[in-house]
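Line by line, the protein sequences give chains B and R.
Residues in the first sequence are numbered consecutively from 1, following the working numbering.
Residues in the second sequence are numbered consecutively from 1, following the working numbering.
For the record, the hints were derived by calculation from the structure and aren't laboratory data.
Wrong hints could be hidden among the right ones.
Pairs count within a copy or across copies, as identical chains cannot be separated in the list.
[Unchecked claim] Straight-line alpha carbon distances no greater than 20 Å define the calculated EDC-like cross-link-like pairs of lysine to aspartate or glutamate that follow:
id : residue 1 : residue 2
1  : LYS210    : GLU160
2  : LYS210    : GLU7
3  : LYS210    : ASP161
4  : LYS210    : GLU125
Number of protein chains: 2
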Amino acid sequence: MTGPADEPARLLASWHDNAAAWTAAVRSGAIESRRLATDAAILAAVLDRRPRQVLDLGCGEGWLVRALAQRGVAALGVDGSAPLVEAAARAGGSFARLSYAELVAAPERCGAGFDLVVANFALLEEQILPLLAALRRIMTANGFLLVQTLHPLAAGPPYEDGWRTEDFRGFGDAAWTPMPWYFRTLGSWLGVLRAAGFALHDLREPSHPKEGRPLSLLLEACVSTQGDLSCP
Amino acid sequence: MTGPADEPARLLASWHDNAAAWTAAVRSGAIESRRLATDAAILAAVLDRRPRQVLDLGCGEGWLVRALAQRGVAALGVDGSAPLVEAAARAGGSFARLSYAELVAAPERCGAGFDLVVANFALLEEQILPLLAALRRIMTANGFLLVQTLHPLAAGPPYEDGWRTEDFRGFGDAAWTPMPWYFRTLGSWLGVLRAAGFALHDLREPSHPKEGRPLSLLLEACVSTQGDLSCP
């Protein structure tokens, strides 16, 4: 039997099992939503902030770190999956293998002074508040956090926080291990950001270029200096 | 022939035509979403801020002004529809008849020093930026703006800004005049708030108590003192 308590472990294990298939899928452009909209959207959102030092949380096989480096932006990728970090390093760039638990315990292990942290479809756990609060401690006072995640309109019902399963259908013919991931409502996203010491600065809704439907939600938050219930 | 240019005039006219039916529908609890969730949600959101002087924009027949008065909160209701303001005044409370165009031209005609402005399903026009910017001028420096509107998941496709038509089906058997109203995406709502000088403080998603689906979006914004692109 498996239950919700097993989901975090199954999530981690799925990234180990799927590392090769994931790397191939990302690098071949097999994931339509990424190819059509969300890759360009997160890259543009990062560049728009003109950051000096970026941390790419849950970097996977590292495409975003490399895309930033090509544009002269220093970025470090961090991921908990050893095979993904190995694939990332082989393709070039700065990467560190650290689990989210390790980052919560000692975020400075990946450095400090980041003026931008980006999590591109990388916050899949239920308990992300400790991680976000830890990252805030290695960010500059004017730092920004960019989170790209599923748009509420792109996820089916029910519209409530909870674990779901990604079966990677439509991600290519590889033998995928299903991945548990935690869906949050819009209000839940804003709540956890605020509780971790961030304030919402902007929100983008990257859309299908022809059909117009939103493919993702891109939350742009900044380090809040006035406490978790304050406005500018 | 009618076109988008006619929508604002038709919107205003519909509130004249529907004033009696609307007053009866609101006062008899005929609108399920209001009865189940959204009336209580907006009232709680206003009271949570402990305001001293509330402006209820687009107050209609005035239920919210009276609900606030019963709880000791001073509120002025303003609406552009003469028959609705007359119905509101007959039931008791402070009300003024001013069109949005009149408020844009001279917001101080309804007073000043409001620490809370509430627009409960009342921003139905396409061009609301001038109105919000004008209201900001009669608000205190720490003032809050609460906007309750349709949740993106409660409106059908397409998910894009544009005029739609409310036919009031399910609002009772009266002879309703269809009402044009302008749908905006989440990103569009945040954009217009920011352009008008507000920052998003919080967001609530009042839901159907049994089915769980979100019935409305409740945006809680504050007067921004750092310009339209600043975070706290």
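Quick rundown of the hints versus the structure:
1. LYS210 with GLU160: between (29 Å within a copy, 13 Å between copies)
2. LYS210 with GLU7: neither (36 Å within a copy, 27 Å between copies)
3. LYS210 with ASP161: So LYS210 and ASP161 pass the 20 Å test across copies only (16 Å; inside, 30 Å).
4. LYS210 with GLU125: neither (32 Å within a copy, 27 Å between copies)
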